[in-house]
Structures are given as C-alpha cells and as structure tokens.
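**Student:** Order-wise, the sequence lines are chains A, B and C.
For the record, in the first sequence the residue sitting at position 82 is 82 according to the numbering used here, with numbers rising by one throughout.
Add 1000 to a position in the second sequence, counting from 1, and you land on the number used in the numbering used here.
Add 2000 to a position in the third sequence, counting from 1, and you land on the number used in the numbering used here.
Any given hint might turn out to be false.
[To be verified] Here are the computed lysine-lysine pairs in the DSSO-like style, where the Cα-Cα straight-line distance is at most 30 angstroms:
id: 1; chain 1: C; residue 1: LYS2052; chain 2: B; residue 2: LYS1180
id: 2; chain 1: A; residue 1: LYS66; chain 2: A; residue 2: LYS109
id: 3; chain 1: C; residue 1: LYS2010; chain 2: B; residue 2: LYS1389
id: 4; chain 1: A; residue 1: LYS66; chain 2: B; residue 2: LYS1389
id: 5; chain 1: B; residue 1: LYS1378; chain 2: A; residue 2: LYS95
id: 6; chain 1: A; residue 1: LYS66; chain 2: B; residue 2: LYS1378
id: 7; chain 1: A; residue 1: LYS95; chain 2: B; residue 2: LYS1373
id: 8; chain 1: A; residue 1: LYS95; chain 2: B; residue 2: LYS1389
id: 9; chain 1: B; residue 1: LYS1373; chain 2: A; residue 2: LYS109
id: 10; chain 1: B; residue 1: LYS1389; chain 2: B; residue 2: LYS1378
id: 11; chain 1: B; residue 1: LYS1169; chain 2: B; residue 2: LYS1191
id: 12; chain 1: C; residue 1: LYS2010; chain 2: B; residue 2: LYS1373
id: 13; chain 1: B; residue 1: LYS1180; chain 2: B; residue 2: LYS1169
id: 14; chain 1: A; residue 1: LYS95; chain 2: A; residue 2: LYS109
id: 15; chain 1: A; residue 1: LYS95; chain 2: C; residue 2: LYS2010
id: 16; chain 1: A; residue 1: LYS95; chain 2: A; residue 2: LYS66
id: 17; chain 1: B; residue 1: LYS1373; chain 2: B; residue 2: LYS1389
id: 18; chain 1: B; residue 1: LYS1191; chain 2: B; residue 2: LYS1180
id: 19; chain 1: B; residue 1: LYS1378; chain 2: C; residue 2: LYS2010
id: 20; chain 1: A; residue 1: LYS109; chain 2: B; residue 2: LYS1378
No lab work stands behind these hints: they were computed from the structure.
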Amino acid sequence: MPARVSLFVTCLVDQFFPQIGLAMTRVLERLGYEVDFPEAQTCCGQPAFNTGFWGEARLVGRHFLKVFGGCDYIVCPSGSCTSMVRRHYVEIFHKDAESLGAANALAPKIFEFSEFLVQVAQREDVGARFEGVVTYHDSCHALRELGLREGPRRLLRSVRGLELREMDAAEECCGFGGTFSVKFDDVSAAMLAEKIDSIRRTGAQSVVSADASCLMQIRGGLLRAGLPIQTLHLAEVLACV
Amino acid sequence: MSAAFRQRIHSALADQQVQEALAAFAGRLMRERRSSVGQEEFPEYQELRAQANLIKRHTMENLDHYLEILCRKVEEHGGQVAWCRDAGEAQAFIGQLARERGVRLAVKSKSMTSEEIGLNEALEHYGVEATETDFGEFIVQLARERPFHIVAPALHKNRRQVAALLSEKLGVAQEEEIPKQTAIARGVLRKKFLEARMGISGANFLVAESGAVVIVENEGNARFTTSAPRIHVAVAGIEKVIPRAADLAVFLKLLGRSATGQPLTSYTSFLAGPRRPGEMDGPDEFFLVLLDNGRSRILADRDKRQTLYCIRCGACLNVCPVYRKIGGYSYPGTYSGPIGAILTPQLSGITYEPELPFASSLCGACAEVCPVKIDIPKILVELRSELRKAERRESRGGFGVQAAGWERIAFAVWAWLMRRPRLFELAGSAAQVLLPADRDGGWIRSLPGPLQAWTRWRDFPPPAAHSFRQLWRQQRRRRD
Amino acid sequence: MPAREHILHKIRTALGRNAGQPPAPAPPPRLAFAPASPAELIRQAIDRFPGKAVRADSDQEARDYVASQINGSRAIASPAPLLDRLGILTLPGVAIAAGGPDQVQRACAESDIGITTAEYVLADTGALVTLAGVRESRLVSLLPPVHIAVAPADRILTGLEELFTLLPDPAALSSSLVLIAGPSRTADVEGVLTLGVHGPRELHLVLVQ
Chain A
1 MPARVSLFVT CLVDQFFPQI GLAMTRVLER LGYEVDFPEA QTCCGQPAFN TGFWGEARLV
61 GRHFLKVFGG CDYIVCPSGS CTSMVRRHYV EIFHKDAESL GAANALAPKI FEFSEFLVQV
121 AQREDVGARF EGVVTYHDSC HALRELGLRE GPRRLLRSVR GLELREMDAA EECCGFGGTF
181 SVKFDDVSAA MLAEKIDSIR RTGAQSVVSA DASCLMQIRG GLLRAGLPIQ TLHLAEVLAC
241 V
Chain B
1001 MSAAFRQRIH SALADQQVQE ALAAFAGRLM RERRSSVGQE EFPEYQELRA QANLIKRHTM
1061 ENLDHYLEIL CRKVEEHGGQ VAWCRDAGEA QAFIGQLARE RGVRLAVKSK SMTSEEIGLN
1121 EALEHYGVEA TETDFGEFIV QLARERPFHI VAPALHKNRR QVAALLSEKL GVAQEEEIPK
1181 QTAIARGVLR KKFLEARMGI SGANFLVAES GAVVIVENEG NARFTTSAPR IHVAVAGIEK
1241 VIPRAADLAV FLKLLGRSAT GQPLTSYTSF LAGPRRPGEM DGPDEFFLVL LDNGRSRILA
1301 DRDKRQTLYC IRCGACLNVC PVYRKIGGYS YPGTYSGPIG AILTPQLSGI TYEPELPFAS
1361 SLCGACAEVC PVKIDIPKIL VELRSELRKA ERRESRGGFG VQAAGWERIA FAVWAWLMRR
1421 PRLFELAGSA AQVLLPADRD GGWIRSLPGP LQAWTRWRDF PPPAAHSFRQ LWRQQRRRRD
Chain C
2001 MPAREHILHK IRTALGRNAG QPPAPAPPPR LAFAPASPAE LIRQAIDRFP GKAVRADSDQ
2061 EARDYVASQI NGSRAIASPA PLLDRLGILT LPGVAIAAGG PDQVQRACAE SDIGITTAEY
2121 VLADTGALVT LAGVRESRLV SLLPPVHIAV APADRILTGL EELFTLLPDP AALSSSLVLI
2181 AGPSRTADVE GVLTLGVHGP RELHLVLVQ
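Bound conformation, chain A alone (with noise of 0.2 angstroms):
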C-alpha cells in the first residue's frame, strides 16, 4: 500500500471550493497517508478541450504532465478532470510523441477520489460520521467514463448515521456541462429543474456528488429556488467524523 499521494484539486476546487480539498486531505491522512500538494499545478485543460480549442487545451495539458511527472499516485476529487486525463489526453497528444509518452506514463497513476479510496486503498469505511438523509447524484464523467456507480454508494452507506436515499434520475446529467451551462444556458437550467426536482422529491436534506462543477450548479440552482437542501462533495460528507 502507497503511502504517499499527490493533491491534484483542480482549478475549481483551489479557488471556489477549497473546503473539498481540505476534506480530501483530512480522509487520506486518516487512513494514512501522506499528502502532499504540488504547488505549480493548475487545471487540467478540460475545458479548453471540450470548447474545441484543443491548442490550448495541449498547452495547459503539458504543463500538467510537467508538474505531475513524478508523483507516486494523484489524487483528484473530480471524475471529469480524471477522465480528461487519463482517457482525452491521448486524443490531444496523438502527434506529440513525449507528451504521448508522459500522458501513458501518468494515466494508470492518476484516480478520482472515491475510486482511490475503494480500489487502491480498499477502503469502503472510512471511519466517518454523518447524520441525515442524503441523497446521491452521479456525475456524468465519473459515471460513464470512469465507471464509478457503486463505489461512491458503498462509501457512503459505510458512514455512521447516514440514510441513502436513491432519486428517480441520480444518473441523469445535471445540465453543467461546462460552457454549455452558460452557451445553451436555458437548456441548462430545464435540466437543471428535472434534476432538483428529482432531488427535492427524496425528501433528503442533503446531496452528494463526486463533482464540484455539478455541485456549483446544483447548488446555484436550489439557492435560486430558495430550497433549504444542502450540496456536499462526497469527500465533505467522508472527512465528518
């Protein structure tokens, strides 16, 4: 077993959200390990890639091969950013041999925080406590890309207190998206609407999800309704002891 791991927070956790990186490392040192925080990374280039400006996207991505190079294991608490690089950076990087090279190197390196926590530190409880009803949605990335269904749901009946309560449409997208929540904002927010809806419906006090950017525009959502729900990334609920 790794006992070291590397931070990677992502771009919107570091200036938006940075409790979910600070409860990421209060799991990980719980159950061991040492945590450390490459302090020159940035973003990953997700969204400069999925706009289609992948020059860009390749630009921002070889500075975080450079600055991810030598880590053990990365740990990221968003399953869009772990996919963009372990699945999309071989798309971008297909002419550029060394890029290709480190993006192959660090692709079996790098893992979304749930999937760290069950598949390499085999961990489905992880000594947390939580009371309430909450409620699970599933982003899309971590979901269909990453395959991560069960994972997160194992780790969250593993916490003391905690009720499960599945929606209707925990798989369905949020509406994010990325640019697209600001492009296509009214699409965006119809399901955005389906999505609180089915929240709302559960009862539960809280939702849950592995992904800050579903969080943000979750959250947005119901502020906007002025429902009292709250939104929690799946490593604030895990750090609650």
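We have chain A; now place chains B and C onto it with these hints.
**Tutor:** Same frame as chain A, now just chains B and C:
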C-alpha cells in the same frame, strides 16, 4: 442561422404540450429500453453491442466490396440497383420511374433517408401523390410537418391535436379516442395500399450476400407497402449494409430492444427482389436506390466514420437530457438527437449550423445506450475542434457563432495564465476582490457579461476568501 | 463517370482500398445456441407465442380448432400442402387464395381470417417464420384482421441463431421471409397501444404432428 436554432429551442422549451409529450413518451421509451436490456433479461447485451460494432466497422472498412456483392445479388434475384450520388439523382430516378410506369399514387413506409432527400415533395413534381402509411408519419404528413423523432414521428402530438388534424384534413368527425383514430387511418390507408402502383420503403439493413433488404416494423404498413403494389422501391443509404443474413442474429436482437424495449418488433421482413416465378403475390419489379449523399465523405474520416454504424434505433434520442427538453424540431436537418448532432454537420457541413455540436453537455448517456457503440461525445468534441479550426481560417467575421471572438481570446488568455501558477494565483486574488461575496459568503445573484447567462437562472459562487493553495500553505506552516 | 463507378471510387479513396482488393476477414458469425428438447421447445413456443397457441394431437384436432375459429366468418387460406393434408382447405367458409397477385389481394381484403402455414417457429420469442412461395402467400397473413398459422411441431427452433444456421441465405428460397412476432400494433400517439393497425390484431398458432 444560429439565431434560428436558438429560437426553435426557446419555442420548444416554452411549449407546454411538447414538454409533457417529451417527458412522458420519450421518457417511457427510455425506461422500456432499459428494462429490456437488464442483466437478467438480456445477459448477452454488452457482448452483442461489441459484436455489432465489430461487424459494422468491418463492413464500413470494406464497403466497396460489400456494395458490389449486394448489387450483384440484387440483380441475380431479378431486382435493379440505382446508384445515386445525391438527393437530386435519387429524386430523378424514382420520379422518372414513376412517370414511365404511370404511377399516380405511391404508398410509403417509414424512411428517414427518404426524408433526407425530400422525396415526397420531389415526387409531386412528377405527378405522384406519395402517402405515408406509418401512423405517426401519416399524421405528420397531414400536418405538413417533419418527423419529430426517428421512431415515433408524431411523439409531440396529443390526441386532441390528432383529432383536430384528422377532422380538418380528412373531413371526418372529431374523434379523440386513439384506437378509433387508428381505425380511421387504417381505413383511409387500406384503400391507398390497394390502389397504389408503387410502394416506397426504406431499409434497416441491406444484406450483401443475400441481395436483400431487411425492414423492421410493428404496424404492418411496410409489409403492405412492399407486397401489394406492383413496384417496390427501397431507398437506403450505402451505410446500411451488413455482410450476411447470419449477422441479423446480432442486430435484430439489439434493434427492437434499443428502440422500444421489444425483443423483436411485430414484423421483420427479409425481401430479396421481386416475386419469384410462381410466387403467389409480391411486387413484379424491385428497385434498390443506393444513396451516397455525403456518406462516402464521412467514410474518409477514420475517427468519425463510426457515425455510419447507426441503425436508427432512436435510443440516443430517448436518453438524451437535451433532446428531452428541446425536442426533434429544434434540430436543423432531417436527423435529431445525438445522432443528428453528429450526422448533420458531417452530411451538410459544419457551418450548416455551427452551434449544433455545442448543444450538448457531453454527458455520455447516448454512447452508453448506442447498440453499435458509436462514441458520440468524442465525435461532438472533434466537431467542435474542427469548427474552431475553420473559424481561425476565416478569422474575419466567423460564422455567426455567438461571441466566437471573445471565446478564442478568453481561452488564449486562460491557457497563458494556466501555465503560470503564480500569476494564476494572483488572478485568483484579483477575482476575490472583484467578485466579493456577501459578508456571510452568500452566492451572487447577478453577474454581467457572459456570466449573465448563468445568473439568469442560478446563483453563482463567490471566489473563496482563501484559495486551497493559500490554506494549504497556512496549514503546512502551522505544522512546521 | 457513371454514378456507380463514381461512388465506388469515392469509397475506395476514402478507405485506401483498390478495386478488386479482397476484404479483411469478416468477424465470424455469432450463431451459437443451446439446443433444447422437443418438449421444451414446444412448451416455450406455446408460452411465448403472442396470441393463442394450441397443440393438436391429431389432424382432426387441428381441423376442428380452425373450424371453431372460423365459425361462420369468411376465411382465406394459402393452398399449402400442410393445410391441404389437414383438410383445412375444404372447411366451410374457406376460400383458397389463387389467381395471381391482384386476385389474391382482393380476396384477402374481403376476408375476416387468413390461414397460412409457418415454415418455423422461434421458441425464444414465439415468432413465426413465414416464407412466400408458390403455395404460400404474403398477403393472406397480413390483410385479414385475424391470422391463423399452422406449423409442424418439429419445426420449432430455439431462436434466430438456429434459424440462420439452417437458412444462411433465405434469399435462396424466397423473395420474402417474414418474422411475425406479434399482432400489428402502434403506439404513435401518446404512447397508447392500439392493435390491428394495418395487419392482423389477433394471432393463432396450431402446432401439428
């Protein structure tokens, strides 16, 4: 052009009836597919998907070979093949054939390909009345509308609208009970079936080694269309080919379940040519119209060639959270939903509707349900990249993609910043000042500029008072 | 350049292939199936047939069943040898389809019941496999609102894999093979199901020795 796209989306979102129909009907198709491919009911699902993908890939990569075999076998069985490079050639062939044979009335079974080439309208110029016989197609034809959905063309209509339509166009009394509406259509169409000299169908599959057309349906109108009139014309894209009849054991098992949750649809017809000497009934003549219309160009793109694997099941439409909000009429061109979003730009050019590939959150639900495993999100992102390259080439004016200029600049700045961690941090600190939260860290209700589109519907988070990296440093300092 | 040559040329250029170049080896067909006993096949077929399925222990039983369904209405039957052998073609109310496509069509349009044979039955879906032929019609099983199919009980196959193993090329036998897996149906308006749109709304299967 993009303004029209946005306007159609806006109308669809505001149309209560369409929203209800999408939620109920498309939602139901989505759930029926899902329960029909469950692990217990259909354990071979994933294996079949992989096999279907493999067969289609092999066929597309050797398409010339299989088309030649197909052509030879069709002719061997007494049929004729018309190779058509584009819609015009296909229209002309069928129209001239109809004229030569004295066809005044043709019956049609469902064919999205015939929609693509605008066949019905073209046939009017040849003096041919082409009546749609699929109940849903019949309805939209009466309404002079396009199909709303690949499999359920009248998905957007409720019974009251259908009652009004039938009454207005057919002169019958208003009838809101759906089985009775169906009976009205049956009566009208039966006369047409028996009178028409030509039946025009599509094809779900073209079996190369059999020279056969395979048509999958529930109503029986395709059987009628291809068996009663004296002439049968099948219109199909060149990509519909599969090598052998045996391959149907894979595709038929996937198609019904993916489309409507049925293990098999009511009818599957395997038709090879006109009726053989001595056969009791069937058409005297059979024509296969093989349509290119841009497909050979798609073949040339190794990564996007998989677009041609599509078997038109409609599963991607039903599962798409965007389609289920904006509906079939928001999409430009013939094909809607995720398959439409990747097929239309490749058939009609990426500048036909430059915003179309962006009208997706890339959630990947489509790829998850596609029976032939087309990686639709990957192709969407590639189309976006191609659009950006095209924009750069025509840097003057762009294609009307909204705010194309500012996006390119923004990402150039972003890329520059993201390689400079200290400056990134500085920018973060600047944002903390520019977008201050309320005293209690409340989210922001209104923002200017591009983010206005966000705050129109949702609150936006304020930058954290301290970034993670600042907090990390503080923590480490405390420890040391 | 004629369209055919032009299209093939574009395709070959797109694929980097030459005219006459043999194709890459095709993935082998996926035709494996688990065999089942005749008794099991009959049981499954009857259970899954999308209509009323009966097993006739004698020719007379088969004939009687069909007669009970006709019961005064107008039936039309294909002149199939099996129907002849069972005496179905001489039942009161049964017209025999004949005289070419136009006549067959007209007769079918006026009939309440269509009687045909089925070449095979697929046990997994209860689907009928019908082949058009010199003595078997396409329209008899389509136009009348009721369809009665008669098939030998030893012609039940496990499913599509077995069918295409037996018939690797249906086109060699007939211009039309139709799998009938249910009555004619539509749910095009509001997803509300209606049976008997253009084809039969009611199906019967008689399995005979």
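**Student:** Indicate, hint by hint, whether the structure satisfies it.
**Tutor:** Results for each hint:
no. : hint                   : result
1   : C:LYS2052 to B:LYS1180 : holds, 25 angstroms
2   : A:LYS66 to A:LYS109    : holds, 14 angstroms
3   : C:LYS2010 to B:LYS1389 : holds, 25 angstroms
4   : A:LYS66 to B:LYS1389   : holds, 27 angstroms
5   : B:LYS1378 to A:LYS95   : holds, 17 angstroms
6   : A:LYS66 to B:LYS1378   : holds, 26 angstroms
7   : A:LYS95 to B:LYS1373   : holds, 25 angstroms
8   : A:LYS95 to B:LYS1389   : holds, 17 angstroms
9   : B:LYS1373 to A:LYS109  : holds, 27 angstroms
10  : B:LYS1389 to B:LYS1378 : holds, 17 angstroms
11  : B:LYS1169 to B:LYS1191 : holds, 16 angstroms
12  : C:LYS2010 to B:LYS1373 : holds, 26 angstroms
13  : B:LYS1180 to B:LYS1169 : holds, 16 angstroms
14  : A:LYS95 to A:LYS109    : holds, 22 angstroms
15  : A:LYS95 to C:LYS2010   : holds, 27 angstroms
16  : A:LYS95 to A:LYS66     : holds, 18 angstroms
17  : B:LYS1373 to B:LYS1389 : holds, 27 angstroms
18  : B:LYS1191 to B:LYS1180 : holds, 17 angstroms
19  : B:LYS1378 to C:LYS2010 : holds, 25 angstroms
20  : A:LYS109 to B:LYS1378  : holds, 23 angstroms
No hint from the list above goes unmet by this structure.
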